[in-house]
Each structure stands twice: as structure tokens, then as C-alpha cells.
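A.B. asks: So the sequences go chain by chain: A and B.
Under this note's numbering, the first sequence is numbered contiguously, ending at residue 420.
Under this note's numbering, the second sequence is numbered contiguously, ending at residue 1336.
There are no misleading hints in this set.
If you anchor each label on the Cβ, the simulated ranges turn out as follows:
| # | chain 1 | residue 1 | chain 2 | residue 2 | range |
| --- | --- | --- | --- | --- | --- |
| 1 | B | Leu-1287 | A | Ser-274 | 31 to 37 Å |
| 2 | B | Pro-1302 | A | Gly-214 | 27 to 33 Å |
| 3 | A | Gln-207 | B | Gln-1030 | 56 to 62 Å |
Calculated from the structure, these hints are not laboratory results.
From the three backbone atoms N, C-alpha and C, an ideal C-beta is built for every residue, glycine too.
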Amino acid sequence: MAPVSTHTPTLQKLLKSLRDQDLETSIEGLIFLLKRRQVRGDQCANATAHILLQVVAKSKWQSVDRLLELVTSAGSRLVQAAPHEPVIGNIVRRVLGLIRDEASEDRNADELSESVSDLQSLAPVAPPPTSAPARPGPTPITRSLTMPAAGLQVSKSMFNLLSVVDTLDSYSTGASTPVSLAQNNSVHALKSEIIDGIGEIIDEVNQADDQIAGFADIHIYPGDYILAVLPSPAVERYLIKAASRRRFTVLVASPHSQGSGAEQYSALRKKLTSAGVKMISLSTTGLMAYMPKVSKVIFGAKAVFQNGGMLVDSGCCLAARAAQEYSKPVIVLCGVYKFCPQDTATHISWTQLENPSSYVGYDDGETVDTIDIENTLAEYLPPEFVDVYVTNLGPQTQDHLGSIMADHYKPEEMSVQLGA
Amino acid sequence: GRRPSFAAEKDARSFIPECFSHIPMAKRVQTSHAHKDVHPAVLAAGQQMATFAIKDSISRLEATLLAFKKVIESYDTPKDTSLSRHFVPHVLNPQIEYLTECRPMCFSMGNAIRLLKAQVNTFDINTPEDEAKEGLLESIDLFIRERINLAGYLIARNASQLVDEDDVVLTYGRHRLVEKTLLRAKENGKNFSVSIIDDPYDKGGLQLAEILQQAGIPISYSPNLGGLGTKVEEATTVLLGGEAIFASGFLQGAAGTADVAIAATKAGTKVIALCETINFDRERISLDALTYNEIDPERNSPESFRLLFDNTPVKYISGVITEFESGTGFSPAQAI
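Just chain B, same shape as in the assembly (with noise of 0.2 Å):
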């Protein structure tokens, strides 16, 4: 029944302390407790996010579309209505509902659904449902392609540029935009060492070590954040991943991104983040990291507890790099 994963839930949320109690957190929501409107395909997406398979902004998007794109396929219109009244409220709805019961949506995904919803609202109500169904599934093909593939594209090739000959680029953890960058920029023919810190529980530096020195870039890692005064000196660039900018122009950027970036502006290291666009939100202010964040649900007990994420202040992010800018895409983080 419903009960015990109730209480297992408020058991788990039991464990926040008072002052972070705000900040909401990923539960594992099982399949037979989802409501039935539920599409298998969100099903999966929603569990694997639930687990962290699926973890960071744009896969999840791209994860949630593609899930979209199955829901859209096998959607009937009812009889006596239409598809841009009911789709919506009654099968788009529930499906929202259900990954962020999962884990709390991220801003890419909330815009993505904002677009879609508006897509569905410029149809009218006599616009027959094949019509207005390969609509939809051709826009989200659209999308994927212009705001994740060609996004990530071009902020590689942007970013690439900046990185010269002997240079030392510093880097926390494992991002997919500084990852395509590095990559690019050695298929560039550039020569420069990467210098990683990792972060602990995520162990993603550790992949990217092995990925970039299989492309033959020479690699210091450094498994934790100390020593991190002294490597950001050494380097000569600090590339950030974020994973969402807010309207203060604030970067949302995995735990310990805003300690590299504070370390490496006070050692007049210039710090340059990479982000989609679609990761962008113009109408939330973030005052700090506790405005906007997530509990990590594994380090969640009486003996541990942690955030997912931290927000760097903009004044210790030299540039942003994104895909829409002109020339090299590098402009001040509030300008966007």
C-alpha cells in the first residue's frame, strides 16, 4: 500500500536539519506508486533520475524530451475535446508531476516544458491531432538538435579558441562542456596540461583524467580541493561547468565550483564558465546557495549530510561562454 513509502519518506526528510529543511530532495518513487496517467518511458526517465543514473541538467533534459517525444506518439485525443485543451491538463501534467516527484526538476527542463506547453497553445482547436502531434515531436527534434547538440558544439568550439599553446587549465570535476572543450581544443592541435580537482563523492575528475590522458593531454589530479591556493596559481585558465546561471547571474555549478572560482579570482587566475543557454533562468534570483539547491539523498543520515550544488557570485566569473553569443561567445555573466 501507500503507507510505508509515506513514512519512509518522512523518515528520510527527518534526518535535514531545522535550517536546510527547505531544500527539497530526490526520492525513489516506486513505479506501482506513480500515478497511472504515468508513461513507462517517464517511468524509466523518472527512476533514473531518482538514482543519479541520469544526473546532470542537460542529460535529464534531453532524457525527459525523449520521454516526452513517447508520450506524444501514443497520445489519443479523447472524444468532445482537442488536443490543445487536453493534453496538457490531463497527460503532460501528470507526467511533470511524477519527475519531480523523482527529483526536483531542473531550470533546463522547466524551460524546456514552458516551451512545449506554448507550442501546444498556438494550436487551434480545430488543428487535427496528426497535425499538431508531428508538430510537437518535430519541434522537440528541433530542439534537442539547436539547444543541446549544437549548444554543446559551439560552446566547445567558442571556448576552445581560448585555450593556447602551454597553457594549464585548471578544471573542477567532470563537466560535459569542458570535457568537449579539452578535446577540442587538443584536436586543435594545442598543446596545455590539465590540472583537475576532483570532488570526492563524485569522482568524476577521475573519469575525465582517463579520457584526457588518452587523448594525450598531460593530467595532475588532485583528488580533493586541498591545495587548491596553490593550483589555481600554477594554472593559467579556470574552465567551470555550470548547471544553471540565474537571473542575478549567479552560477549554479556542482558543489565546491564556487570555491575553485573564489580561489582562482583571488589568485588573479581568470575563471570561464560554460553553459547552455537552456540552463539559464531569467526570473529566479538566487541570494545564495541555499536559495536554490538539492539534498544530496545519499549523504542524507545523522552522520552526514550535503548539498548538490553551490552558487558562485558573479564577480568571480571573468566571462560566460554560451552558444548565442557573437564572436567568441565570451561576455560578462549579468549581461545575459
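Extracted from the complex, chain A is given alone in its bound form (with noise of 0.2 Å):
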């Protein structure tokens, strides 16, 4: 850990200072703490919401195919910044979705129904559209509606005033377009329901822990033996929860570190060990040795893809491999906002390096130049090797993965391509 000085930027300092710095300053801040590394895993998520929440209320905008583009613009460069963590695309996508539910919502509520019915009879007119999944339903809020389609019909609904605005001037001027006080009012009813929203969706997210946490002691007995491999902070809350209810030996491993003096995990062990629970700290080199002895594995995934294969940080992937030797069960915790609804990802593509100089000195210079140093930090888990996994809506089985991201992505955000 490189020591913080006051003058360095953190997450912290950031989210405080959003209120006050202008849009452009706050994005650009958390893209600096991204790429740096300084805002990881976990963080990624609040964060993304936080900036994205800033984009909602400080940015311009008029029509909700403008603040779409605002969010999914803002929302790109995040994830270009840190490509790694797949979390900001699910927060990206989420926000997205949260703004078409809530301008439709919005909508349906000033519409009179016959412009609806007007408006789906309009569809089939409309040029098909080409990338857009057909979907019946109340919110056709595709390209294709909004472009020569929409020429024809002057609906009074501020959604459909506003979209035929948008096509007719560019989106740079549409700050200038005049707009009716009442639309004013509706924009301004919508941005505060958004911001609402996206204040859920920060609780959700500082909560999953909280509630995977409360999911505990349904797979963990009396007298297991418990190995948590590089013990993500929900996985230190499940632990510590479930000490509270069961007594168990908790295996950590940890991967090799320089001096043998602080312990990464003190905190924890200090919490297992007053709550009469026994904590033995492992490395995480040569898993099968112990596997005989431990009745579970448990760890936390950065993300959990489509098809129920994760982001994992290395060493779970170890553990996992050498549990499936001894058919011992796998417990992943992964609040639902690590879901990925992305395609299936391949191990290489998510494969991450890190600096390997905490193994390798540069001092050594002949080795550093001749010999190819690879230290893998986090990679791909195939779906097969997990059991459970426990998100803050309950534990869930792989089949059952699928339900839930249809529950919180829409297809038009599974299809939204952010970033390069």
C-alpha cells in the first residue's frame, strides 16, 4: 500500500467535493482515482453511481434521449478508465435503464391513452429497426421511433414533444430549444424521481454486504471448516455474522507477502477470535494440501457474467479447482449489481496482470530485461466449479442467474456498448 498524503486525491475526498466542483472536474476526478488504481473493486460501483447521479442533476438536458446520451457518454468514460472492473458498466446500465423506466413511468402517467395506441400504430410504419430488439410494451424509445418516424406525429406528451425536438435541432443546441414551463416542470419532476432512483441504487449498493451478511448461517454449520480465500469485505461480514451464530475454524488465505510482520486480515481475526471462532492463516500457494480438512470454500466475485462465470481474483480460482477435487461446496457472495449482463466472457479477456516488482526486484536488471514476468491478479472462473451464490436477494443457483439479470437489465441496456 503506497502511503496516502493529504494531497493525494481519494474516494473520499472526491464524493465530498461534488457538490461543490463543476461536472467536468468530478467525472474527470474519478477517472484519475480509476486509472491510478486508487478506486477499486468494490468502490467502483458507489462511485460510478455517485458521478453518474452528478451528471442527472448538474448537466443540461431536455429530452431523455439527451440525457441518455449525457449518461452513456459520462458513463464510457468510466469504463474506459478502468475496463477491468466490470462493475462500472453494471452501474452504467442500471442508470440507464432506471431513466427509460422512469420517462416512460412518466409518460404513461401524462399521455392520454389514445396517443399511446397512436403511437404503437405509428411503429409498424417506422422504418424496422435494426439493432434494436423488438419489444411490445409502452416503451419503444429506440433511434428508430425517434427519427423520421417521428416527424409525423406531434404528440402533446412531453416525452414525444421533446424527442421530435431533439431530431429537429442538434443535441448541442438543444440546451437553447424554448421550452414551455410545464415541460419544465416535468423535467424537473423527472430529474428528481432519477435522482432518486440512482440514490436506490447507491443504497443497494452499500447495503449487499449488510444483506449477504444476513444469509450466514444457512451454509455455514457448527464444527466447519471454513476456507475464505483473499476475503473480500463481504466475505468478512458473512464471516463475522455467521461467528456470531456458529462456532467453526475460518482457513484464510492470503497471498505471500514481503514482511512477516502486520497481517492483512488482524482486523478479522480479532473479530473471529472475541466471537470464539478460530481463524488459521494459509497462503494461497498449494490449496490441495488442506482441502482434505475443509468442509467449504468461500469468496467474493468482482462480477458475476451471464452464464454464471466469474471475475475472481486468482487465488480463488485455485481453490475452487482444488474443491472440485475434493467435491467440497463453493459459496460465492455477489450483491446482484456485480452482475454482469455482458456475453459470456472468455478467461483471456478478463485475465489481469499486475506488478510483479513486490516479487521481483528491479534491482535485478538482468532478469527483469531477459525473462518474461507475468503476475496475475484476478481472473476468470468457469460457472462449474460454484455451488451458491449468495447475493443480497438470497442465495441462488447458476440456473437461476439468468431470471435475475432479466430483472434488472432491460435487453436495451444488455445491448449498449460502452466504452472502446
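With the hints in hand, could you dock these two chains into one complex?
C.D. replies: As C-alpha cells, then:
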């Protein structure tokens, strides 16, 4: 860990200053932290949601399409800053979905039923959408509708009015488009609804670990030997919660550390020990040796993909393979916000490397020069290694992940391309 | 006095979690506390083993045998007894006890000592002492030549023939036989690359990387087992060195060896184990890595715990190369 001086920007500082500084500075601030990996893992979700909230609150927008565009563009920049953190994309998609939902609710409330049917009857006239999935229902906010076909209809509803305006004027002049007071009020109402919605996403992210911990006593029994691999904050909370109800032993596997002084998980040890649960510290090397004694393996996922495959710290793959060899159950903890609607990832594309200088010193010039050194930080774990996914919505099997994804992301968001 | 060391020993073991408390651990025995009959050469060897200055099974075996030669050379049979009756219980056994106290014996040492004792038993009561000593010294020399030096040479020769042009050979840590094999294959004119996965505690793999790199072999080095799944897929062959093979065919290797073998087998890459036959234990059967193992005395504190070895089940080893098999010396682990 690099020493954090008072001058270095941190996530806490950034979040505190969001209110006062302009939007661009905030976005750049987070991009900077993401690139330097000072914001990583679980923090990314929270940070992204906060920045997108600022985008909604501070940027000038008069149409939903414009807002979607602004959020997509800010989101893409964050995703590009940290392509190794898939949760950023998740949050962006969740916010896009939220905006669409709120907009369509708004419209449904305002609109007379005939204009809805008008709109629907119009749909076939419009050129068939090329990429947007054909979905019945009141949310056809696709480009194809707003382009040539939209010109035919001048509806009184705020949403359609704005889309028309949108297509007539270029985006950059959107702000100067004259809007009536009533429309302004609707925009205000929509804005505050969206901001509330983002607040709910932030709450969901912040509460996920606690909610997951609520399910701790289901899968941990008295007398268990639980192998916790590189315990994430969620795993720590889960173990501590379980320790308040059960007597078991925790084997914590963490990577080799240079100095044998301060222990990485000393706080966890203290809490477990005070609850009467023994903790044994192991390294992530050679986990096969301990597996006969282990009754269950637990770790947190950085992301869960649609097929149930995961992005995990590299030591977790090792543990999962060893657990499978001994038919020991593998429990993965992951908040629903970590579910990635993207297509099945391949392991190569998600393998992340890290600076190997803690293993090979740069003073060893010849070695550093001539030998190809790779230190893997995170990698892809296929779904067949996992028995249960414990989410903030409760324990799930692999078969169930698809329906959770569908509940949280609509096809529109799943197909959004963020980043490069 | 004896007390402090006894207390210290008790203390060291008190950190061991109860579920692993059956597993032995090396410990530093102060030379002043050793049995008075322990020969200085054995004392030195014991210290080197306790501090892991000599650590792999073959180096330990060789150090033991060389020290025993000194013991035999300086041995004088007391009056009214004979070497065949007196040497083992009164001279050899205290040496063995001391060595075991320093660090649990490895299986090759056990095998060699059994052979040595059998050799002593072949002597008649009337065998002259000089003749008996000469016989023992000669057989130890022969043993070192055949079972250690020749075995290493033959295994490297056999295994190097399995390395083909453009192969990517993956190995774990630094094992003497793997090192010999790869250097030999390079001498044979093969062009291949080596992917080394290291044990971050041992860092032997880094030394191996430097040695092989100097021999002109392209190296890719991973300081830990991260990314193993991808690396075994990219490899064409996995070469693993063993410290022992049990009657069940399980391979005892440096902790992490089994993880590599399993990942490789799952990726469809062949796994070849290299092991001298002196390391084979035909009597012991290990169920898993917790049957026969050792606790790392350097990593035995409330904050850390580590076992030195793991066991690779037979099904994850495509073949074992030893010095004795005919042809390539390639055979299934159970067959040995």
C-alpha cells in the first residue's frame, strides 16, 4: 500500500467535493482515481453511481434521449478508465434503465391512452429497427421511432415533444430550445425521480454486503472448516455474522506478503476470535494440501457474467479447482449489482496482470530485462466450479442468474456498448 | 540446561492448529543438546537440514550418507563385541535419532538407512572390522553413484527426449531433475520455451529462470499460481519433480505441485513426474496431503501456517520417469 498523503486525491475527498465542483472536474477526478487503481473493486460501483447522479443533476438536458446520451458518454469514459472493473458498466446500465423506466412512467401518467395507441399504431410504419430488439409494450424509446417517423406525429406528451425537438435540433443546441414552463416542470419532476432512483442504487450497493451477511448461518454449520480465499469485505462480514451464531474454524488464504509483520486480516482475526471462532492464516499457494480438512470454500466475486462465470481474484480459481477435486462446496458472495449482462466472457479476455515488483525486484536488472514476468491478479472462473451464489436477494443457483439479470437489465441496456 | 529448549519447542508447536497437530515439524536442536555420541559430521548435516540449507530429498540423502561415511571411518569396535552387533544400535541409531529430531526424515533417507542396516546384517560376527568398514564405505559410494548420480543422469536423458521442438514446457518451482532435463534438452539442440510457475515462499523458480535463461532458453515466469488455468493451456508439457512417491502412486511434491497437475490435466496438457526410485515408498500409503507432511517452521505462528508438501493423485499424472524403467522410462505411477 502506498502511503496516502493529504495531497493525494481519494474517493472520500472526491465524493465530498462533488457538490461544489463542476461536473467535468468530478468525472475527471474519478477517471484519475480509476486509472491509478486507487478506486477499485467494490468501491467502483458506489463511485460510478455518485458521478452519474451528478451527470443527471448538473448537466443541462431537456429530453430523455439527450440525458441517455449524456449518461452513456460519461459512463463510457469511466468504463474506459477501468475496463477491468465490470461493475462500472453495470451501474451505468442500471442508471440508463432507470432513466428509461422513469421516462416511460412519466409519459404513461401524462399521456392520454389514445396517444399511446397512436404511437403503437405508428410503430409498424417506422422503418424496422436494425439493432433494437422488437419488444411490445410502452417503452419503444428507440432511435428508429424518433428519427423519420417521429416527425409525423406531434404529440402533446412531454416525452414525444422533446424527442421531436431533439431530432430537429442538434444535440448541442438542445439547451437553447425554448420549452414551456409545464415541460420544465416535467423535466424537473423526472430529474428528481431519476436522482431518487440513483440514490436507491447507491443504497443497494452500500447495503449489499450486510444483506448477504444476513444469509450467513444458512450454509455455515457448527464445526465447519471454512476456507476463505482473499476475503473481500463482503466475505469478512459474512464470516463475522456467522461467527455470532456458530462455532467453526476459518482458514484464511491470502497471498504471500514480503514482510512477516503486520497481518493483512488482523482485524478479521480479532473479530472472529472475540466471537470464539478460530482463524488460521494460510497462503494461496498449494491449497490442495489443506483441502481434505476444509468443509467449504468461500470467496467474493468481482463480477458475475450471464452464464454464471465469474471474475475473481486469481487465488480463488486455485481454491475452486482444489475444492472440486475433493467435492467440497464452493460459496460465492456477490451483490446483484455485480451481475454483468454482457455475453459470456472468455478467461483470456478477463485475465488481469499486476505489477510483479513485489516478487522480482527491479534491482535484479538482468532478470527483469530478459525474463518475461507475469503476475496475475484476477482471472475468469467458469460456472461449473460454484455451488451457490449468495446475493443480497438470497442464495441462488446458476440456473437462476438469468432471471435476476432480466429483472435488472432490459434488452436495451444489455446491448448498450460502453467504452471502446 | 535442557529446560529452555524444551519450553521453546513446546512453544513452537503450540501455534500449530489442532487439526494439523499430527504433522511433524523441523526444529533447531542446539548442538550442545545433542546426544553425546552424535558424530560432528552428522551434527553439521543435521543443522543444515533443520535450517533448510539442505532441503530437497536427494541433497538430504547425500549429506546423510556422506556424514555416515565419516561415522564409519571413525568407528572402532569395542572389545568383546563385533561391528555387526554393536554398530547399528549403539552408533548408527543415535545419529539417526538426531537427524530425525532436526527434521523428519524424508523417505529416501529411510530407504537408504534400511539398506545400510541390511548390509551390516550381512556381516558375520567374525568378519574383521576393517573388511566390514571397507565394505560399508564402498557400498555407500556405489549407492551414491548409482541411486543419486546415475539416476539423475538417466532421468534427465529419458525426460529430455520427451521435449520436442517448439514445445512450451511448464514447471513449478525449482526441482533438480527438471532443471537437469531442460538443460539436457537444450544441449540436444531442441528449441523450446519454458514457463515457470513459482512458489512465492521459495522463489526457487526464479533461480531456475535465471539458469535456463543463461542457457538460452526463452522463459516466461509467474511469481505465483495466479493465472495457472491459462498457463497450463498454453503449455504442451508439464514437468514436475517429486520428493516421494507412495505405494498408492501419490506424488509428494512441493506445496502447489498438485494444483499445477490438476489444472494441467483439466486443460488436457500431459503431466510428467520425475522422481528417483530411492524416493519411492512402497510401504506407506497416503490418503491425502495430511497423511505425510511437514509444517514449515518458518511459517508457523499465530499469523501464518504452511505445509511444505502436497500430494498429487495418480489420475493427474500422465506418467512417471524414473531411472529404472526400460525404454523411455515412461510408465504409469501405480505400476512402480
